[in-house]
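Engineer: UniProt numbering puts the last residue of the sequence shown at 400; the count rises by one with no breaks.
Derived from the structure by calculation, the hints contain no laboratory data.
In this text, a Cβ means the ideal position worked out from N, Cα and C, and glycines have one as well.
Please note that the accuracy of each hint is not assured.
Said to hold, decoys possible - Listed next, the in silico EDC-like pairs over lysine to aspartate or glutamate satisfying Cα-Cα at most 20 Å (straight line):
| hint | residue 1 | residue 2 |
| --- | --- | --- |
| 1 | K265 | D275 |
| 2 | K265 | E310 |
| 3 | K106 | E63 |
| 4 | K265 | E277 |
| 5 | K106 | E139 |
| 6 | K119 | D178 |
| 7 | K134 | D155 |
| 8 | K134 | E161 |
| 9 | K106 | D155 |
As the list claims (entries may be wrong) - Ranges of calculated distance between the beta carbons of each label pair, as one might list FRET restraints:
| hint | residue 1 | residue 2 | range |
| --- | --- | --- | --- |
| 10 | I67 | N113 | 27 to 35 Å |
| 11 | P301 | V65 | 46 to 54 Å |
| 12 | S137 | I67 | 19 to 27 Å |
| 13 | T232 | S268 | 40 to 48 Å |
| 14 | Q103 | A302 | 28 to 36 Å |
| 15 | K265 | A191 | 24 to 32 Å |
| 16 | N223 | P301 | 18 to 26 Å |
| 17 | D336 | S137 | 47 to 55 Å |
| 18 | E211 | A97 | 21 to 29 Å |
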Amino acid sequence: MFLRAAGVVAAARGGVSAGALRRAATAASAPPDSSKLPPAGSPGPSKPCGHGLEISSGVPCFEIVNIAGAGLGAIATRDIACGELVVAETPTMMLQAGEFSVQTAKFNAQFNNLSRAQKRAVLRLSDCWRMAGKRRSLEGILRTNGMGCSSDSDDGVLCLEISRFNHSCAPNCEQSWDGTALQERVHACSAIQAGQELCLSYIDVRAPRAERAHRLREGYRFNCRCAACSETACSRASDARRASLQQLGRDLPMVGARDPAAGIKVVSDMLLLYDQEGIDLHTLRKQACYYAFQLALHAGPAAWASGWAEQAYRHSRLCCGEHHPETVWLLGYARDPHSHPALWTPAFEVCNPGKHRSAMDPALKVYALAWISAISLVLSMGMVSERSTVHVRDARLKAD
């Protein structure tokens, strides 16, 4: 099943510790039980988030209109700040991983339970797999519009409004899954002016133009005409930078495992390339900084690790919001780097912010605390023994 890459999904499939990310199952990012979802289309709560802004509930900052050569799309109706919440949408359908032939019955059951208005809205969505002269099919619609909701699985969601956001290889918006609110959310990843189109990335954009074009034709059957793919913008230098990002992402796990300091240098190079190429996706930057944070725990002082956690936290505020579980965890690590259990795990594994905190084996926690207590006891006994020896020597000297 093709799923539009959602935030961390793009990072995982881009080669940055993909295996570790897929094993990092957390309660915050796991796809929800459809029976527990609030009514589809419910707006998200309005919460002030400092630099990671949130919009007021029920006050849209965009409209869905016809766009020449691209069908329906989202256009900003006012200026939107970087990090501002554009929309928070409750999924209409849940898409479990697996072959469509196996999941068809579940999809049909969900669809049949929708209201008439919801069914009509679903069937009006694009179906890039429709054969000439044929009607849109539910399978084709789900394959075209399904969005991955985390990097930890291939499960996804169908959101009626967010599905109307078109693709760009230089997107100005990015999506994330909020497992607490059970909503798919879209935040602006750069400042947007009124009248501009709001675009997401359907694929990992850290690839040269030819590779991106192949993936889009294969998965969504269209030729991208975004600014990043135009003849003028797509220079050899741009392709070289994106190819470098792709390769650095693949090399980072091995480099970091051999030499944490060298791994941190790779992260710094990636962040510089993101700036040079104008890739504003804060999800990718958050992932890179969190990786560097975990490497810094093994390579440098706590202040160094704290600085990387702080950067990851700032990017998380912009791409997920201040109250997202990963943002909260990252803030905790920035304040107290040593609270991260990577220091005590026997096998170092870079993962998403929530994994260690929620999935760490309780027995390992007890072992770590016992190990620390034992070391402290040995050290204190050594100090007592040394002091006793000194006292005995002092007594003998006085006696002499």
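Engineer: Now tell me, hint by hint, if it's right for this structure.
Structural biologist: Hint-by-hint comparison with the structure:
1. K265 - D275: The given pair, whose Cα atoms are some 16 Å apart, holds under the 20 Å limit.
2. K265 - E310: At roughly 17 Å apart (the allowed maximum being 20 Å), E310 and K265 satisfy the hint.
3. K106 - E63: Distance ~32 Å between K106 and E63 Cα, so the pair is violated.
4. K265 - E277: With a Cα-Cα distance of about 18 Å, the restraint between K265 and E277 holds, given a limit of 20 Å.
5. K106 - E139: holds (12 Å)
6. K119 - D178: Violated, because 25 Å separates the two Cα atoms, which is more than 20 Å.
7. K134 - D155: Roughly 28 Å separates the two Cα atoms, so the pair is violated.
8. K134 - E161: Violated, because 24 Å separates the two Cα atoms, which is more than 20 Å.
9. K106 - D155: Within the cut-off at roughly 13 Å; holds.
10. I67 - N113: 27 to 35 Å: Distance hint for I67, N113 holds at roughly 32 Å.
11. P301 - V65: 46 to 54 Å: holds (53 Å)
12. S137 - I67: 19 to 27 Å: This hint holds: roughly 24 Å between Cβ atoms.
13. T232 - S268: 40 to 48 Å: violated (30 Å)
14. Q103 - A302: 28 to 36 Å: Hint violated: Cβ distance 47 Å, outside 28 to 36 Å.
15. K265 - A191: 24 to 32 Å: Roughly 30 Å apart at Cβ, these two residues keep to the hinted range, so it holds.
16. N223 - P301: 18 to 26 Å: The hint (18 to 26 Å, Cβ to Cβ) is violated, given that N223 and P301 are roughly 50 Å apart.
17. D336 - S137: 47 to 55 Å: The hint (47 to 55 Å, Cβ to Cβ) holds, given that D336 and S137 are roughly 52 Å apart.
18. E211 - A97: 21 to 29 Å: At roughly 24 Å between Cβ atoms, A97 and E211 fall inside 21 to 29 Å, so the hint holds.
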